[in-house]
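S.K.: Each chain, letter by letter, is given below.
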Amino acid sequence: MIKKSTIIPMPLRYLINIVLFAAFLFVMNTLITGGTISKYYSGVISSIGISIILAVSLNMATGYLGQLPLGHAGFMAVGAYTSALIMKAAAGSLITFPLALLAGGLVAALFGILIGIPALKLKGDYLAILTLGFGQIIMVVLLNIDDVLGFKLTRGAAGLQKIPKTTTFLITFICVGITCFVIHTIMKSRHGRAILSIRENEIAAESCGINTTYYKTLGFVVSAFFAGVAGGLYAGNIGILNPSAFGFMKSIEILVMVVLGGMGSMFGSVLSGGVLTALPELLRDFDKYRMVVYSLVLVVVMIFKPTGLMGTYDFSLNGLLDKLILRLKGGKGDGGGKAVLVEKEGKANE
Amino acid sequence: MSLVFSQLINGLQSGSIYALIAIGYSMVYGIILLLNFAHGDIIMVGAYVAWLVVVNLSLPPALAIALAIIACTLLGVVIEKVAYSPLRKAPRLSLLITAIGISFLLENLAQLKFGAGAKNVPALITGPALDIGGQHIGFTAVLTIIVSVVAMIGLTFLIRKTKMGKAMRAVSEDMGTAQLMGINVNSTISFTFAVGSALAGIGSVLYSCAYPQAAPTMGSMLGLKAFVAAVLGGIGSIPGAMIGGFAIGIAEAIVSAIGLSVWKDGVVFAILIIVLIFKPTGIMGKKINEKV
Amino acid sequence: MKKFLSIALVLVLIVGCFAACGSKAKPEPTAGATPSAAASGDTIKVGIIGCQTGEYAQYGVSVMNGATLYIEQLNANGGIGGKQVEIVNYDNKGDSQEAINAFNLAVDKGITALIGDVLSGNTMAVVGEAAPLNMPMITASATADGVTYDSESDTVYSNVFRTCFTDPFQGEKMANYANEKLSAKTAAVIYETGNDYAVGVKDAFIAKCEALGIEVVDEEGYATGDVDFKSQLTTIASKNPDVLFFPNYYEDDGLIATQAREVGIKATFIGSDGMSGISKYASAADLEGTVYCAGYAPASSDAVKAFEEAYTAKYGTDTLNMFSANAYDAAMVLCNALQIAEDAGLTAGTDEYKQAVIDAIRDKSADLESITCNGYTFDEHNNPVKATNIMKLVGGVETFTETY
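Chains as they are written, first to last, in our numbering: chain A, 1 to 350; chain B, 1 to 292; chain C, 1 to 404.
Because the hints were derived from the structure by calculation, they are not lab data.
These figures come from a predicted structure and were not determined experimentally.
Some hints here could point you the wrong way.
[Stated by the list, open to error] So the derived label-pair ranges between C-beta atoms look like this: (1) B:Asn56 / C:Ala285: 36 to 42 Å; (2) C:Tyr404 / B:Asn56: 37 to 43 Å; (3) A:Leu94 / C:Asp351: 41 to 47 Å; (4) B:Leu112 / C:Ala313: 54 to 60 Å; (5) C:Gly213 / B:Leu112: 40 to 46 Å; (6) A:Ile113 / B:Leu74: 30 to 36 Å; (7) A:Ala90 / C:Ala299: 39 to 45 Å; (8) C:Pro132 / B:Leu112: 45 to 51 Å; (9) A:Val148 / C:Lys181: 33 to 39 Å; (10) A:Pro118 / B:Asn186: 34 to 40 Å; (11) A:Phe21 / C:Glu352: 56 to 62 Å; (12) C:Gly289 / B:Asn120: 18 to 24 Å; (13) B:Leu158 / A:Val148: 25 to 31 Å.
[As the list claims (entries may be wrong)] Only pairs whose alpha carbons sit at most 30 Å apart, straight line, appear in this in silico DSBU-like list of lysine-lysine: (14) C:Lys392 / A:Lys162; (15) C:Lys109 / C:Lys185; (16) A:Lys162 / C:Lys45; (17) A:Lys162 / C:Lys185; (18) B:Lys113 / A:Lys288; (19) C:Lys266 / B:Lys113; (20) C:Lys392 / C:Lys208; (21) A:Lys165 / C:Lys109.
Glycine included, C-beta positions come from ideal geometry on N, C-alpha and C.
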């Protein structure tokens, strides 16, 4: 049963979220710039942010669109190199970094279109393979392009060095906010429902008059764009880029985040993106077993809960508030007939 | 001219290993429409078994060959039972992700157990080199090519002429109906995995003869390339996988021969993408219509 | 059952999240802004960072073991001025992001100096963090030129040292050797394209060959993970070079050597230090006469033998190689410098202390009884000036023949 809540009016709902998010940014930023949170922790928090963007963006293609791209790291690589080259060329200026991130995202999106349009005519497995191939080609190109161009662009295996370290907590998490907001609004719109219908049944969606190629490409491009932005943040965070960092393994790591969190749950992606990045840092002694456990978890989750831990459930603060208000109101007139159920669509599905 | 010929032989040899592995991929895909990502890693396990038997237990190579093939077969069946069969009704995406998970699990377990470095596998099969028209062809190259061709013929016979083969074709056509007709679907699928994995076991033996090293990640690139071969040939088709394997091997050799060796992997995957876009069913594949 | 399992998994995830959030919000009071406070006390903390798990673990583990061995021996002999040396060891899994995290964590734990990183790419990422702190660091295995010297801005990272050769040094050395000792007129190279070490050595080798008048007839690449090199080698065989240069690691080199003989290449094989260990991966007949340069010659002196004995007793022979030997030396050079800084009565963690350690590494390492050379002196780019050992494969054994 899906009912639109009217308890908290629409503009207010956004406002609550924005204010809380801004407060979170402000508090954390003060702690970090003030030195209460050490460089190590702020570094880990930044990588958590980058992971979240990657997971949320892949969730767009895997969870909502129902495809399985295995080349997400390829888009990240394209974005990372684009941003890094821009940052190196025009270091210093305040607007360079946001511009570089935007450019990284756009170039990645361009690749998304290039790969997406032909690829998305293919179904399931074939698409997975094609994106996998694309990821591998990106790596080969990044390694060897300098020989063809005749000048140093990506610097091949030695890697692109001395990238200005401009990624900060604030910028990372503003990007996290923008990513979640944009994807959330797309998914709540008509376009989002078209995308979801493709996941549920492509042929049925097509016969209802939905332009599946268009919407698949749209989902794919949005996903690629944010992967590119995450790549730019990554470049600015570590200051050195090496093609080998963007291999098949990286794509799988992002996929694990999405699958574990729940395919189709943004909340799940955010949660597992954060946890899977923070956990290895906490359990450093456990490093040896990390990849074994990752792969085991992937298999076990698929067997016992194929939709991921969160399923398609999405957390909504306002939904929670609504419930709370209802509970408070309902306390008086209990059993008074009209119990309004405020349920998210995911719950209704279960 | 002789250079062209020897490059062709090089391509055929690496291609024959791709072909052998691609056949396994193709068989499994044909029956349950699953890209068994773990297939390449089964080969890795086979190579480690051979290494363990020969180096650690100092047993004769013949036993190592037998044990490697048996271990691969068992592993394939166990993986199917444990990981894939609970997902028979689940979406294809879940099955694919499980396969990727199994592949990574095997790789990482091997790395944990044996370390990241490569182990040197002593020669399991040795024999004299062949000379054709003054051209020197290694024994392993000849052996691998022969085994792949025999495997292809044998499998085609198995699928076309035997009762089990008929059951396999029926299951791949429509699992539910096949069950209604009295075919034991589970044992048919297990059998398919057993055959596919036994081929991987043979592949691992031939592989260790040609490239005598066992490393945890050796299966991943090999698996990917074999997989490209299977897609190129038309996934689900046994002769197609064979053709695809040789085509990829020869394409690699040609790219290297014209001095573009650094672009080799890029070219292989570019071929894959081009094939997928223009003829998604591959050279020998059939088009499967999807129903609502 | 299903439900129970999924609930359990959700719980694990949530607990993990809280644990993560908890530690995020409350960093330990000792960590962070004041490393000097943490570094004082009865121990001197030294960081070791490297790829101890993952694809390149074999190198990281060797480095960790070698450095740990020296520090434990030192501690058993009373440590530095009565203080014990405490090792703060972190794994980076071969990932640059993890390397930075590991370094920052080590700084939080109050290290005064660092041994590491292991891979060149990771090390350069760490240098980006360590240079602003002027943290003394010495690597036993990062061979890329860019680790100690930035060519773009022509600056030397004065805080970074190494005990291994650089890529260009080895490439040039082997080109000289081919010219002088092997009288080679033509050369060919086969290298791993995804490996910065291989590419760095190869570039220098080719440049030097051209300068010396050796004709480089062919240059072939292969991708990481490749095992079939016959196509490339067939092309090389058709050009019949005098020497074939391998700037790769020993496992690949072993396969290449075997296949090269199979396709009929008669050239002498020469290699860089990554080749050390090749004897396990190719037959004696195929390798006969192969030469490579090495920073470490097994069993070449009493000091080396003592090291090997102690190492084998503790860790076995699997990881005993040039990485462990260079790491042993790196620990020795660093601890000697720490001793000098301690003797000067400086406080650990202060800028003067760090600078004193850096100065001592650079200027006062010449008399050490190091195992891979007779003491360390560093050139203007902080690279060690040490003689190269030429190793030759004789009857399947890697034999030390001369210093060159």
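S.K.: Now tell me if each hint is right for this structure.
M.R.: Results for each hint:
{"no.": "1", "hint": "B:Asn56 / C:Ala285: 36 to 42 Å", "verdict": "25 Å, violated"}
{"no.": "2", "hint": "C:Tyr404 / B:Asn56: 37 to 43 Å", "verdict": "39 Å, holds"}
{"no.": "3", "hint": "A:Leu94 / C:Asp351: 41 to 47 Å", "verdict": "30 Å, violated"}
{"no.": "4", "hint": "B:Leu112 / C:Ala313: 54 to 60 Å", "verdict": "25 Å, violated"}
{"no.": "5", "hint": "C:Gly213 / B:Leu112: 40 to 46 Å", "verdict": "51 Å, violated"}
{"no.": "6", "hint": "A:Ile113 / B:Leu74: 30 to 36 Å", "verdict": "46 Å, violated"}
{"no.": "7", "hint": "A:Ala90 / C:Ala299: 39 to 45 Å", "verdict": "55 Å, violated"}
{"no.": "8", "hint": "C:Pro132 / B:Leu112: 45 to 51 Å", "verdict": "37 Å, violated"}
{"no.": "9", "hint": "A:Val148 / C:Lys181: 33 to 39 Å", "verdict": "36 Å, holds"}
{"no.": "10", "hint": "A:Pro118 / B:Asn186: 34 to 40 Å", "verdict": "38 Å, holds"}
{"no.": "11", "hint": "A:Phe21 / C:Glu352: 56 to 62 Å", "verdict": "45 Å, violated"}
{"no.": "12", "hint": "C:Gly289 / B:Asn120: 18 to 24 Å", "verdict": "21 Å, holds"}
{"no.": "13", "hint": "B:Leu158 / A:Val148: 25 to 31 Å", "verdict": "47 Å, violated"}
{"no.": "14", "hint": "C:Lys392 / A:Lys162", "verdict": "39 Å, violated"}
{"no.": "15", "hint": "C:Lys109 / C:Lys185", "verdict": "55 Å, violated"}
{"no.": "16", "hint": "A:Lys162 / C:Lys45", "verdict": "29 Å, holds"}
{"no.": "17", "hint": "A:Lys162 / C:Lys185", "verdict": "39 Å, violated"}
{"no.": "18", "hint": "B:Lys113 / A:Lys288", "verdict": "11 Å, holds"}
{"no.": "19", "hint": "C:Lys266 / B:Lys113", "verdict": "39 Å, violated"}
{"no.": "20", "hint": "C:Lys392 / C:Lys208", "verdict": "22 Å, holds"}
{"no.": "21", "hint": "A:Lys165 / C:Lys109", "verdict": "23 Å, holds"}
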